[in-house]
Amino acid sequence: MRTTLLILLFPLLWSCHSSETSEASQNPPTLQNILIIIGDDHSANVLGAYGNNLIKTPNLDRMAAKGVRFNRAYANAPLCSASRQCLITGRYPHATGVTLLQTSFPEEQITIADHLKQQGYATGIIGKNHFNNTKSHGFDVKIERSDYNEHHAANPGQAVPDSIATRPPWKPFRDPARIWLNAEALPGGAYDADDIGTWYSKQANQFLADHQAEPFCLVLGYHEPHSPFNFPIEYFQKYDPANMPLPTGSAEDDRWIPEIFRDLTEEERKGIISAYYSSVEYLDKNVGMVLDQLDSLGLTENTLVVYLGDHGYLLNDHQRFEKHMMWEPAVRAPLIFQGGRQFPQGLALDPMVEFVDIVPTLLEAIQAPALPTGQGKSLIPLIKRDTNKHKDYIFSEFLADNKAMVRSNRWKYIFTTGKRDLAQGYATGFPAPGITHRLYDEVNDPDETTNRATDPALADTLLHMQEVLIDWFRQTHPNPDTVSREMSIEQQLVSFCEPPDANANTQAK
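For reference, each letter of the sequence shown is one residue, going -20 to -1, 1 to 489 in mature numbering (1 follows the signal peptide of the UniProt record, and there is no 0).
These are calculated hints, taken from the structure and not from any lab test.
Incorrect hints may have been included.
Claimed, not checked - Listed below are the simulated DSBU-like cross-link pairs for lysine-lysine, each with C-alpha atoms no more than 35 Å apart in a straight line:
1) K97 with K369
2) K46 with K364
3) K399 with K371
4) K97 with K364
5) K36 with K182
6) K218 with K46
7) K97 with K371
8) K115 with K218
9) K36 with K122
10) K182 with K46
11) K369 with K115
12) K364 with K182
13) K151 with K399
14) K97 with K182
15) K122 with K218
16) K97 with K357
17) K371 with K36
18) K36 with K151
19) K122 with K151
20) K399 with K357
21) K115 with K151
22) K182 with K151
23) K357 with K371
24) K122 with K364
25) K369 with K36
26) K182 with K357
27) K36 with K364
28) K115 with K357
29) K182 with K218
30) K151 with K218
31) K46 with K97
32) K369 with K46
33) K369 with K357
34) K399 with K115
35) K36 with K357
Could you put together the complete structure from these sequences and hints?
What follows is the structure, given as structure tokens:
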């Protein structure tokens, strides 16, 4: 009788279970938390999810497989401080007042942390922040390199034997480029368990554990893979320099190559790239530690995770190793969102997007009020596939070099006054070029080898792109009326490309 009853009840019980399972899958948990993870100088070209078969990035690749990857995401400045403060405010660099490396982040600028604290969020920032001051900027918890240094002094960890070669202290521009760019691909002076990126991940995991029962917003900024391309002892010789790709550039580059890079041999260039790859793999491991913590705490489904590089990096593209340019590898960066079952999985999107769009996207995804001072546009309609259109133009600026860029799907226009301070360490050996216009056909010349700005057939295109760039400045600049509309187009661009924070230290690193 009991067996018969169980047989009769089983279909009913299974039906209830199936109904609950179906309902759960149709109504996934609401996204509540935000985790922003930032790589430093991370080129989109060095990530498995973006088509690189040499680099090992299983954790970032699984983020992309479980989320949404943007193939054409652009930093609004190819400079760490300017890009990071743009990211957390949703405002263009000239609007935040941070366009130079050492500018102190103005306290009056409203960050996503300021905004979410008003909604009852716990907020934290761990790792590189580049505030250039001691203010909290809305973050309840702030942990940075100085905290690691204090910890490491008291807890040095496993000693590295003298028999193991490690890279020397980083002295950019003082040492030859082959040394400060780590052409020998040497590890830093620590094992994985004691290295700075690992420590940041541990601090992030503690923050997640401490705040798992309340809504939180955490920004986690690693130093990798910024030069000198740090990685621990265990990552030494992970990548054979002989196997590294080596872009060649074009004859047009010769006039612009900084002297510090001209004497690098092919072997040294490949060694630098090898070190960069090792640093990226170490970064990926550290990201994986935090993703695993989300899983173990049951937070993956209600936490929106975004990974990005603060901008890209030129790995011998145009025969140099730096980011302060407007060529694609310097301004294009990885951008990946993982939003549990609320977001599509394995989706790759091609529309052009900008970093100012990230804050409005995050806030809309968690159903928080928009940041009224933001200047970006939410990516949620793209992510939800309600549309395949976003922006006709995207913008970037590097005002330390009085330089700005506008890009459409086909054309990229770059303007610079050519007043770059040659004492910065990037002297070319030629006189300052003066005002320079560049126009690239991104469809037919994706490597940006041929400047078309002087082509008479493209005069209207050039003028149009200049007008779009000026209109953007006028719409987003805090003091647009200081630049007279009666000026010539060129003079308006000269004025708008003056850094508002010109009294700050302008050395770009």
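Item to complete: Go through the numbered hints given earlier and state which of them the structure violates, listing their numbers in rising order.
Response: The structure breaks hints 8, 11; every other hint is satisfied.
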